[in-house]
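J.: What follows is the residue order along each chain.
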Amino acid sequence: DVKVTQSSRYLVKRTGEKVFLECVQDMDHENMFWYRQDPGLGLRLIYFSYDVKMKEKGDIPEGYSVSREKKERFSLILESASTNQTSMYLCASKKLPSYEQYFGPGTRLTVT
Amino acid sequence: GEDVEQSLFLSVREGDSSVINCTYTDSSSTYLYWYKQEPGAGLQLLTYIFSNMDMKQDQRLTVLLNKKDKHLSLRIADTQTGDSAIYFCAESGPNQAGTALIFGKGTTLSVSS
Numbered sequence: 548d549v550k551v552t553q554s555s556r557y558l559v560k561r562t563g564e565k566v567f568l569e570c571v572q573d574m575d576h577e578n579m580f581w582y583r584q585d586p587g588l589g590l591r592l593i594y595f596s597y598d599v600k601m602k603e604k605g606d607i608p609e610g611y612s613v614s615r616e617k618k619e620r621f622s623l624i625l626e627s628a629s630t631n632q633t634s635m636y637l638c639a640s641k642k643l644p645s646y647e648q649y650f651g652p653g654t655r656l657t658v659t
Numbered sequence: 696g697e698d699v700e701q702s703l704f705l706s707v708r709e710g711d712s713s714v715i716n717c718t719y720t721d722s723s724s725t726y727l728y729w730y731k732q733e734p735g736a737g738l739q740l741l742t743y744i745f746s747n748m749d750m751k752q753d754q755r756l757t758v759l760l761n762k763k764d765k766h767l768s769l770r771i772a773d774t775q776t777g778d779s780a781i782y783f784c785a786e787s788g789p790n791q792a793g794t795a796l797i798f799g800k801g802t803t804l805s806v807s808s
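Sequence lines, in order, name chains A and B. Numbering of the first sequence is given in the working numbering, commencing with residue 548 and proceeding in unit increments. Numbering of the second sequence is given in the working numbering, commencing with residue 696 and proceeding in unit increments.
Treat the hints with care, since some could be wrong.
What the hints assert, rightly or not - Heads up, simulated BS3-like pairs for lysine-lysine below, C-alpha to C-alpha not over 30 Å straight-line:
no. : chain 1 : residue 1 : chain 2 : residue 2
1   : B       : K731      : A       : K618
2   : A       : K565      : A       : K618
3   : A       : K550      : B       : K731
4   : B       : K765      : A       : K642
5   : A       : K550      : A       : K602
6   : A       : K550      : A       : K560
7   : B       : K751      : A       : K642
8   : B       : K765      : A       : K604
9   : A       : K560      : A       : K602
10  : A       : K604      : B       : K731
11  : A       : K560      : B       : K731
12  : A       : K602      : B       : K731
13  : B       : K762      : A       : K642
14  : B       : K762      : B       : K731
15  : A       : K642      : B       : K731
Just so you know, the hints here were simulated from the structure itself, not pulled from any lab data.
Turn these sequences into a full structure, and let the hints guide you.
T.: Printed below as a string of structure tokens:
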């Protein structure tokens, strides 16, 4: 079974802090994705990565950056957390040439 | 542009059938997906359909695809309280396997006993 894990289920941070959200997959998937999920807005793509050291902006990259130094790990970084980044963050991965994405359990981030 | 539309809420009684509808805009999408999200959890793939199919059945789930109208539906037979969740429709978009799926906003299914 594919397993996608995220470092925390719940996280509380203060405004202005630098925040790291980690995602790890154990199935040698090339592609990895970060989404945020907000009520009434569904899933919005923040960034995705084709492969190691490769990244592409999604629909809402402002205020975020990413890092993919190893194939199994994709990190989402909030350089200076703001209250409007309070959300559920979902990581996903997939193997080429499939379209099917496998999701982690999500990290609920609260910025106060 | 690409957009996937779903109604936001559906309420049914236990034992009834549920039908969740979705419309998409990209006719070149190769695959269309239904994902389920239970409270506090990530998304789980329920089923998918290839764009050259009209129907796919998998136990209690039936997926119908009308390519002409760009309409996708998910029917859940004999709906149970455990089916209460958010259901997301997603399309693969243009034929680029390296890109992200395009998700609808999700339909919250509430099943009452």
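J.: Please list, smallest to largest, the hint numbers that this structure does not respect.
T.: none
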